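Residue numbers (my numbering), protein chains in the order written: chain A, 529 to 907; chain B, 529 to 907.
There's no promise every hint is true.
One copy or any two copies: either way a pair holds, since identical chains are not told apart in the list.
[As the list claims (entries may be wrong)] Here are the simulated BS3-like pairs of lysine-lysine, each with C-alpha atoms no more than 30 Å apart in a straight line:
(1) 618 / 830
(2) 685 / 706
(3) 598 / 751
(4) 724 / 625
(5) 600 / 902
It is worth saying that the hints were derived from the structure and are not from the lab. These numbers come from a predicted model, not from an experiment.
Number of protein chains: 2
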Amino acid sequence: MNKFEKAQQILQEINGDGWLIVCNEDNDIHSRYLLGVGSHALHAIFIATDGNHKVLPVAMEANMVKNSLKKKGLDAEVIPFNSESEFMEKLKLIIKKPKIALDFGENIFEKDTTSYADYIPFGTHLALQKLAPNTEFISAAPIIYELRSVKSTEELKDLRNVCKATIELLEKVPDMTKVGITERELMAKLEYEYAKVGKPAFSAIVGTGENSADPHHNTSNKKINPGPLLIDTGLQIDEMCSDITWTYWVGSNPSREFIDAYNALYEAKKIANKYYTDGTPNRLPAMKCREYLAEKGYDHEKLFFHGLGHALDFEAHGVGPRVSSKSPENTLLKENMVYTNEPGLYWIGKWGVRLEDDIIIGKEKCEQVTYVPKDPIVM
Amino acid sequence: MNKFEKAQQILQEINGDGWLIVCNEDNDIHSRYLLGVGSHALHAIFIATDGNHKVLPVAMEANMVKNSLKKKGLDAEVIPFNSESEFMEKLKLIIKKPKIALDFGENIFEKDTTSYADYIPFGTHLALQKLAPNTEFISAAPIIYELRSVKSTEELKDLRNVCKATIELLEKVPDMTKVGITERELMAKLEYEYAKVGKPAFSAIVGTGENSADPHHNTSNKKINPGPLLIDTGLQIDEMCSDITWTYWVGSNPSREFIDAYNALYEAKKIANKYYTDGTPNRLPAMKCREYLAEKGYDHEKLFFHGLGHALDFEAHGVGPRVSSKSPENTLLKENMVYTNEPGLYWIGKWGVRLEDDIIIGKEKCEQVTYVPKDPIVM
Numbered sequence: 529m530n531k532f533e534k535a536q537q538i539l540q541e542i543n544g545d546g547w548l549i550v551c552n553e554d555n556d557i558h559s560r561y562l563l564g565v566g567s568h569a570l571h572a573i574f575i576a577t578d579g580n581h582k583v584l585p586v587a588m589e590a591n592m593v594k595n596s597l598k599k600k601g602l603d604a605e606v607i608p609f610n611s612e613s614e615f616m617e618k619l620k621l622i623i624k625k626p627k628i629a630l631d632f633g634e635n636i637f638e639k640d641t642t643s644y645a646d647y648i649p650f651g652t653h654l655a656l657q658k659l660a661p662n663t664e665f666i667s668a669a670p671i672i673y674e675l676r677s678v679k680s681t682e683e684l685k686d687l688r689n690v691c692k693a694t695i696e697l698l699e700k701v702p703d704m705t706k707v708g709i710t711e712r713e714l715m716a717k718l719e720y721e722y723a724k725v726g727k728p729a730f731s732a733i734v735g736t737g738e739n740s741a742d743p744h745h746n747t748s749n750k751k752i753n754p755g756p757l758l759i760d761t762g763l764q765i766d767e768m769c770s771d772i773t774w775t776y777w778v779g780s781n782p783s784r785e786f787i788d789a790y791n792a793l794y795e796a797k798k799i800a801n802k803y804y805t806d807g808t809p810n811r812l813p814a815m816k817c818r819e820y821l822a823e824k825g826y827d828h829e830k831l832f833f834h835g836l837g838h839a840l841d842f843e844a845h846g847v848g849p850r851v852s853s854k855s856p857e858n859t860l861l862k863e864n865m866v867y868t869n870e871p872g873l874y875w876i877g878k879w880g881v882r883l884e885d886d887i888i889i890g891k892e893k894c895e896q897v898t899y900v901p902k903d904p905i906v907m
Numbered sequence: 529m530n531k532f533e534k535a536q537q538i539l540q541e542i543n544g545d546g547w548l549i550v551c552n553e554d555n556d557i558h559s560r561y562l563l564g565v566g567s568h569a570l571h572a573i574f575i576a577t578d579g580n581h582k583v584l585p586v587a588m589e590a591n592m593v594k595n596s597l598k599k600k601g602l603d604a605e606v607i608p609f610n611s612e613s614e615f616m617e618k619l620k621l622i623i624k625k626p627k628i629a630l631d632f633g634e635n636i637f638e639k640d641t642t643s644y645a646d647y648i649p650f651g652t653h654l655a656l657q658k659l660a661p662n663t664e665f666i667s668a669a670p671i672i673y674e675l676r677s678v679k680s681t682e683e684l685k686d687l688r689n690v691c692k693a694t695i696e697l698l699e700k701v702p703d704m705t706k707v708g709i710t711e712r713e714l715m716a717k718l719e720y721e722y723a724k725v726g727k728p729a730f731s732a733i734v735g736t737g738e739n740s741a742d743p744h745h746n747t748s749n750k751k752i753n754p755g756p757l758l759i760d761t762g763l764q765i766d767e768m769c770s771d772i773t774w775t776y777w778v779g780s781n782p783s784r785e786f787i788d789a790y791n792a793l794y795e796a797k798k799i800a801n802k803y804y805t806d807g808t809p810n811r812l813p814a815m816k817c818r819e820y821l822a823e824k825g826y827d828h829e830k831l832f833f834h835g836l837g838h839a840l841d842f843e844a845h846g847v848g849p850r851v852s853s854k855s856p857e858n859t860l861l862k863e864n865m866v867y868t869n870e871p872g873l874y875w876i877g878k879w880g881v882r883l884e885d886d887i888i889i890g891k892e893k894c895e896q897v898t899y900v901p902k903d904p905i906v907m
């Protein structure tokens, strides 16, 4: 079953007449997800419950969209437009239906949020409501959740493939790193290799010294100095992203504190892995990981100030509730979901370590698709 | 005057109490534009008319945000949060004000659209309205327009700088291109150089042969073959992006048709330049360009199926009405706006040429910040 067919099936369940994506450039990831190609202009995609799917690209992109759909074996009528008013007229005819799903979330900032579906801008929603005053617009969250949270065999194959390619590069980092090179130059080297086979899943985090203590550090022009070097990076090939963090040591003698933190995180991650199984509450791996860090004497509430993992799919921050000690008890992991396992310890303004693997939730036990060196790589 | 101060000034004019950006990851460009750093999580920025600016980052990003604001010399209270509910409580206190500007557009798909301001997702807007039921939310379009459409001296300096760096790379493309290299490999080489000094303003378009006829072609694994090679690429350093297209010829003998099209576009571009001046209707350069192409015997309506130019700023597709023969007569260019000038001719399924320069609108005459080789580079 392809994506269009799967979406149709869910549309039937929620009594919708279609799923509409109205998108400007790349402001809704589901455009590229469905078309297989990135648009740089206004366009609309209508997945119809009755199978009469339609795509409205700007004239200059019509050929590109047609070719991509053909390549993916997807069937949709491509209706090009030349001006916003023409777009509006054509769209109006398509959306004159009782009930249409749109990419918006509900209960944002609250429990049971569907923020992962929150894409359509407020002004665009307003314009659609004006264009189709009798249409009821419902949230496409159930469609997006079903399509993206539990992975197909094909997607898991893509995951293993993209993780393998990423790991091979992380193993080469010591060869890429010369004295005097900047964080940004190292990132450029990694992403150069990425661009040959796919694209960066997100802008790589390369943090030297005190920058390793900023979990979301923006890679800078700072020269790589002796001490910890944290690299958090991901690649996208086909349908899946990798997201892996290795922390290296630059210079000859890793400090005792660094080795201790590294080892503790390595073990904590292994312990958490035991709970990445079908039917387990999302909070459990995170709680077990924190228990171990506490045993080892780390003030984890202060030093490990983020969740343990997030879903991974077509995007690096994928669809699904986080793996966090704060997750509600009744949020459960499911077989063939894909999550990161990424504990960290950070001494702000000083240094930090994070180790991150990508995990497929299994029936009895998980599949760890990536690995982190047991002992820190010294370079 | 820094960005915060300029925004305050416009807020006073529109009688707003503040400008609120609520953003998840990078789904509103104005977050990075204001903070100088990219967030990977939920956060809020409140630019207050009274000067008491506030930023609400997730705890793990607080340090990163503080450092960036300090580096930019911007003053704002940074209030970290640990959970969505804490975020909500803290935000509630801040936005209990009569009138707040939010990033949404009006008249989307219509004339006088402010779609360039349309960022806040529908569900997030809904949640904010629930959080502050007595607050009137108005569009931040006037703030965004004022901040981004006419450039400051500093921004123009950044533009010249980033264009120079991009051009130097385009000049080196013949050295980078070997027989058998794929489009994607060539893109990787370009973007490797970009990553050392900045970041790609957008994913480079590298189109060989028939792919050159797709104006928004997604760079592929196709090997570069003899014939036209179109490269449309941009770099971002500091506050400004470049956006330049050169079309090369691979192989020994450019076809007569290619040379003719190239020359016609080169001249058409030069003619259009004369009208990139203060007070001129946006449509005029485009109309003059098309007149020339018609004179040369090209069926421009069929072969040149996109606008002549777009605004350029912190984003490659910047804020401001397009330069297009379809623009309304009373839409005028203004001194120190920055636009692309990019006529193209495309024979779909066969080949295409586009030549693109970046232009600063001048009082009497424009400043062409980039150049395109007078004769096609043969390699």
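Hint-by-hint comparison with the structure:
{"no.": "1", "hint": "618 / 830", "result": "between (55 Å within a copy, 21 Å between copies)"}
{"no.": "2", "hint": "685 / 706", "result": "neither (35 Å within a copy, 33 Å between copies)"}
{"no.": "3", "hint": "598 / 751", "result": "between (47 Å within a copy, 20 Å between copies)"}
{"no.": "4", "hint": "724 / 625", "result": "neither (44 Å within a copy, 51 Å between copies)"}
{"no.": "5", "hint": "600 / 902", "result": "neither (41 Å within a copy, 40 Å between copies)"}
The structure is inconsistent with the numbered hints 2, 4, 5, although it conforms to all the rest.
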